[in-house]
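Numbering (the UniProt record's numbering), first residue to last: 1 to 132.
Hints listed in this document are in silico derivations from the structure and should not be mistaken for laboratory results. Please note that the accuracy of each hint is not assured.
Pairwise CB distance ranges, derived in the manner of DEER restraints [said to hold, decoys possible]:
{"id": "1", "residue 1": "Glu63", "residue 2": "Ile32", "range": "17 to 23 Å"}
{"id": "2", "residue 1": "Glu68", "residue 2": "Asn116", "range": "37 to 43 Å"}
{"id": "3", "residue 1": "Gly93", "residue 2": "Ser20", "range": "20 to 26 Å"}
{"id": "4", "residue 1": "Ala112", "residue 2": "Arg33", "range": "18 to 24 Å"}
{"id": "5", "residue 1": "Asp26", "residue 2": "Arg76", "range": "16 to 22 Å"}
{"id": "6", "residue 1": "Asp114", "residue 2": "Arg76", "range": "26 to 32 Å"}
{"id": "7", "residue 1": "Ala112", "residue 2": "Leu67", "range": "31 to 37 Å"}
By construction, the Cβ of each residue, glycine as well, lies at the ideal position given by its N, Cα and C atoms.
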Amino acid sequence: MIGLCLGLAGVVWAQLPVSSFTLAWDHTVEKIRWEEDYRLTETGLVLEEARVRGNGAGMEIPEDARLEKGSWHYRRPIPPLQPLSLGRTPQAGDYQLCVEGDCHALSHWVGAPDINEPAIQLWTCTRGGDAQ
1 MIGLCLGLAG VVWAQLPVSS FTLAWDHTVE KIRWEEDYRL TETGLVLEEA
51 RVRGNGAGME IPEDARLEKG SWHYRRPIPP LQPLSLGRTP QAGDYQLCVE
101 GDCHALSHWV GAPDINEPAI QLWTCTRGGD AQ
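Put together the whole structure using the sequences plus the hints.
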């Protein structure tokens, strides 16, 4: 069974039995919410759509984005990510992982951001944690 693994350098810290999720965070400077919807496939995480609630430093809205309910929606044509690498430090706050509208901070599964572990990776895996 396919699932989502969270960890670093192939070491699984947590595994979730999901087929899709939303990754959300607040921009560290602008404090604007950013969301990305991913679907799990055997080749990796496929970015389906992204949303941002405004623009600012390093947050340029793509020309083809459309405004819906206060957020700019757009798609980026990128290949599946395997893994998706995220910077994660106490100063920047934590990411949220949302499944079917239920959101929790990554710390819910893997502990609080730690300056000694400034990154985390997400990847598609099987029940034992092996990458697909």
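Hints and how they fare:
Range check, Glu63 to Ile32: about 19 Å between beta-carbon atoms, so the 17 to 23 Å window is met. The supplied range of 37 to 43 Å is met by Glu68 and Asn116, whose beta-carbon atoms lie about 40 Å from each other. The hinted window of 20 to 26 Å between Gly93 and Ser20 holds, with their beta carbons roughly 24 Å apart. Between Ala112 and Arg33 the CB atoms are about 20 Å apart, so this pair conforms to the stated range of 18 to 24 Å.
At about 20 Å, the beta-carbon gap between Asp26 and Arg76 stays in the expected band of 16 to 22 Å. As the Cβ distance of Asp114 to Arg76 is approximately 30 Å, the hint placing it in 26 to 32 Å holds. For Ala112 paired with Leu67, a C-beta distance near 35 Å keeps the hint of 31 to 37 Å intact.
Checked against the numbered hints given earlier, the structure satisfies every one of them.
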